[in-house]
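Novice: Here's the letter readout for the chains.
There are 2 protein chains.
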Amino acid sequence: MSAHPRLSMNVGTIKHAGFDESLRVLVDAGYRSVGLWREPIAEVGLAAAARRFHDSGLRLSTLCRQGFFTMAEGPARRASIDENRRAIEETAVLAESGAVGSRAVLVLVAGGLPEGSTDLIGARDRVADALGELAPEASAAGVTLAIEPLHPMYASDRAVVSTLRQALDLAAPFAPQTVGVAVDTFHLWWDPEVLPQIARAGREGRIATYQVCDWRTPLAADVLLSRHYPGEGVVDFAGLTAAVEAAGYTGDVEVELFNADIWASPHAEVAARTSASFAAAVAPHLAAAAAPAA
Amino acid sequence: MSAHPRLSMNVGTIKHAGFDESLRVLVDAGYRSVGLWREPIAEVGLAAAARRFHDSGLRLSTLCRQGFFTMAEGPARRASIDENRRAIEETAVLAESGAVGSRAVLVLVAGGLPEGSTDLIGARDRVADALGELAPEASAAGVTLAIEPLHPMYASDRAVVSTLRQALDLAAPFAPQTVGVAVDTFHLWWDPEVLPQIARAGREGRIATYQVCDWRTPLAADVLLSRHYPGEGVVDFAGLTAAVEAAGYTGDVEVELFNADIWASPHAEVAARTSASFAAAVAPHLAAAAAPAA
Numbered sequence: 003m004s005a006h007p008r009l010s011m012n013v014g015t016i017k018h019a020g021f022d023e024s025l026r027v028l029v030d031a032g033y034r035s036v037g038l039w040r041e042p043i044a045e046v047g048l049a050a051a052a053r054r055f056h057d058s059g060l061r062l063s064t065l066c067r068q069g070f071f072t073m074a075e076g077p078a079r080r081a082s083i084d085e086n087r088r089a090i091e092e093t094a095v096l097a098e099s100g101a102v103g104s105r106a107v108l109v110l111v112a113g114g115l116p117e118g119s120t121d122l123i124g125a126r127d128r129v130a131d132a133l134g135e136l137a138p139e140a141s142a143a144g145v146t147l148a149i150e151p152l153h154p155m156y157a158s159d160r161a162v163v164s165t166l167r168q169a170l171d172l173a174a175p176f177a178p179q180t181v182g183v184a185v186d187t188f189h190l191w192w193d194p195e196v197l198p199q200i201a202r203a204g205r206e207g208r209i210a211t212y213q214v215c216d217w218r219t220p221l222a223a224d225v226l227l228s229r230h231y232p233g234e235g236v237v238d239f240a241g242l243t244a245a246v247e248a249a250g251y252t253g254d255v256e257v258e259l260f261n262a263d264i265w266a267s268p269h270a271e272v273a274a275r276t277s278a279s280f281a282a283a284v285a286p287h288l289a290a291a292a293a294p295a296a
Numbered sequence: 003m004s005a006h007p008r009l010s011m012n013v014g015t016i017k018h019a020g021f022d023e024s025l026r027v028l029v030d031a032g033y034r035s036v037g038l039w040r041e042p043i044a045e046v047g048l049a050a051a052a053r054r055f056h057d058s059g060l061r062l063s064t065l066c067r068q069g070f071f072t073m074a075e076g077p078a079r080r081a082s083i084d085e086n087r088r089a090i091e092e093t094a095v096l097a098e099s100g101a102v103g104s105r106a107v108l109v110l111v112a113g114g115l116p117e118g119s120t121d122l123i124g125a126r127d128r129v130a131d132a133l134g135e136l137a138p139e140a141s142a143a144g145v146t147l148a149i150e151p152l153h154p155m156y157a158s159d160r161a162v163v164s165t166l167r168q169a170l171d172l173a174a175p176f177a178p179q180t181v182g183v184a185v186d187t188f189h190l191w192w193d194p195e196v197l198p199q200i201a202r203a204g205r206e207g208r209i210a211t212y213q214v215c216d217w218r219t220p221l222a223a224d225v226l227l228s229r230h231y232p233g234e235g236v237v238d239f240a241g242l243t244a245a246v247e248a249a250g251y252t253g254d255v256e257v258e259l260f261n262a263d264i265w266a267s268p269h270a271e272v273a274a275r276t277s278a279s280f281a282a283a284v285a286p287h288l289a290a291a292a293a294p295a296a
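As you go down the protein sequences, you meet chains A and B in turn. Each residue of the first sequence is one higher than the one before, starting from 3 at the first, in this note's numbering. Each residue of the second sequence is one higher than the one before, starting from 3 at the first, in this note's numbering.
Here chain A stands alone, though its shape is the one from the complex:
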């Protein structure tokens, strides 16, 4: 089997597979790239995970994820900053262990409003503060922090960063190789400004990852689990993918699906269906010449 040379599967799509099983499923299905999650790596231990990842021959597209730094100064905030430091280190190690073309990109989810707070502006300011604290460490480690704007329905409990414009404004004080953005179709498809902001992200050199999955309604009762295979919803993958291409992004394209039905399906089937849906809905809009170095 083979998959599109730029396709990466985020292992959150096969959440119940362990670390080794995830890699095996992807290799068997012909993938060349993977987006990893920190939790399965913690179960294996970083050194062992890095070794086994190296042996898989896969590239790293991103490491998911850290962030969650909207709380006021205090022990919880210090613990979060420390956790982000560890995540930066892990990103560097794993990217070094991956195949040629691996990207040292750590995806950051901002975090929601602290319990009982209505101070959205303050929470956002504290995201900016955290980036200021972490950017020098990311830079020293050769890691790009990718701020991921999440759909506004998650603004209160998961991410106070909701639009690409906002993510780019947060990234602006830093070098683009140190702080970039994640462009995820599920989160951004609705935004009237998404196309000009993708173009801006390209001009500023800040597209650290492009992630694709589809939106459709009714939303799942747990709105976190409403993501669908590309082509099964209303997202305009032609327009968005062409915009990301025109912005100069030549990296892997990650499919990340949180969906209880998909999680309950056989992993090999999910890998095959992800690859097929990507081939049909996304790949036709990628420039053939832009495959990453292999």
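Everything labelled a hint here was simulated from the structure, so no lab data went into it. Positions of the beta carbon are idealized from the N, C-alpha and C atoms, including for glycine. There could be a bad hint or two in this list.
So these bits of chain B aren't anywhere near chain A, every CB distance computed over 10 Å [claimed, not checked]:
1. G47
2. L115
3. G134
4. S164
5. W217
Rough simulated footprint, nothing fancy, chain B against chain A, three-plus residues with beta-carbon under 8 Å [claimed, not checked]:
6. 92-106
7. 115-126
8. 141-155
9. 158-165
10. 208-221
11. 226-238
Here are the simulated lysine to any residue pairs, SDA-like style, with alpha carbons at most 25 Å apart [said to hold, decoys possible]:
12. B/K17 / A/L221
13. A/K17 / A/T219
14. B/K17 / A/T219
15. A/K17 / B/T219
16. A/K17 / B/P220
17. B/K17 / B/A52
18. B/K17 / B/L227
19. B/K17 / A/K17
20. B/K17 / B/A282
21. A/K17 / B/A223
22. B/K17 / B/E75
23. A/K17 / B/L221
24. B/K17 / B/G233
25. B/K17 / A/A223
Given the coordinates of chain A, work out where chain B should sit on it, guided by the hints.
Specialist: Just chain B now, kept in the frame of chain A:
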């Protein structure tokens, strides 16, 4: 009993009350203003509804609602435009029948993507086209069309207008007394640009209605029914209300709650609780001097 002089309850909050019962509940609870819905009026008939509304002594804050004109040209679109024409006429009649200070404001919900379509930009263009067709009729009738940006979680199936900036851009070609915007905290609270866009709306004279209710998670399984009494969630009513005041808005402030638990509660209790939550969470941020003419 009395309620804040600028408080209006949208009768969608007591959805299962009939037309007469809605008016009675509000008068008994000391309200001076109401936001009406078209469906209960259709049950009674416009002439009878206007007469009974006049007899209630209440002001009209808005009529909800029409719009739903994202479809391509054809019979369905013509039917929608005709329905909007009728809604404009109803708005004029009801505002004329209401107490002094009534506002002839028709709330417009854009509509979602047509079935099977991923062409969000095309759907938005057709909203602009519909406004162009309806604005002269609204102007002739002395009615303000209030474009309501809805939360982006409704972008696919209910409203392709998601931000205040977008609503203001759509309104820009028209006179502000003909096409304005609805500022609803539930839909807009998350937007990083909401404060400057409220200021812009004020400068452009386009705030046709200010609606308040709260956001909290987890969202209801039917995300349409996730609205909460002011103060029971995370919305910053102080900041948003101060911004609307600073923008020069002096009209009624409407509470509109779609929530299955609230719909199942006794109507008088809902009216009292709406008034109390408004008094606690919203009223302190309204300038006392700005009550509408009575």
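Novice: Compare the structure with each hint and give your call.
Specialist: Tested hints:
{"no.": "1", "hint": "G47", "result": "holds (34 Å)"}
{"no.": "2", "hint": "L115", "result": "violated (5 Å)"}
{"no.": "3", "hint": "G134", "result": "holds (18 Å)"}
{"no.": "4", "hint": "S164", "result": "violated (6 Å)"}
{"no.": "5", "hint": "W217", "result": "violated (6 Å)"}
{"no.": "6", "hint": "92-106", "result": "violated (count 0)"}
{"no.": "7", "hint": "115-126", "result": "holds (count 7)"}
{"no.": "8", "hint": "141-155", "result": "holds (count 3)"}
{"no.": "9", "hint": "158-165", "result": "holds (count 4)"}
{"no.": "10", "hint": "208-221", "result": "holds (count 5)"}
{"no.": "11", "hint": "226-238", "result": "holds (count 4)"}
{"no.": "12", "hint": "B/K17 / A/L221", "result": "holds (24 Å)"}
{"no.": "13", "hint": "A/K17 / A/T219", "result": "holds (23 Å)"}
{"no.": "14", "hint": "B/K17 / A/T219", "result": "holds (24 Å)"}
{"no.": "15", "hint": "A/K17 / B/T219", "result": "holds (24 Å)"}
{"no.": "16", "hint": "A/K17 / B/P220", "result": "holds (22 Å)"}
{"no.": "17", "hint": "B/K17 / B/A52", "result": "holds (19 Å)"}
{"no.": "18", "hint": "B/K17 / B/L227", "result": "holds (12 Å)"}
{"no.": "19", "hint": "B/K17 / A/K17", "result": "violated (42 Å)"}
{"no.": "20", "hint": "B/K17 / B/A282", "result": "holds (24 Å)"}
{"no.": "21", "hint": "A/K17 / B/A223", "result": "holds (23 Å)"}
{"no.": "22", "hint": "B/K17 / B/E75", "result": "violated (33 Å)"}
{"no.": "23", "hint": "A/K17 / B/L221", "result": "holds (24 Å)"}
{"no.": "24", "hint": "B/K17 / B/G233", "result": "holds (21 Å)"}
{"no.": "25", "hint": "B/K17 / A/A223", "result": "holds (23 Å)"}
Of the numbered hints given earlier, the model fails hints 2, 4, 5, 6, 19 and 22; all others are met.
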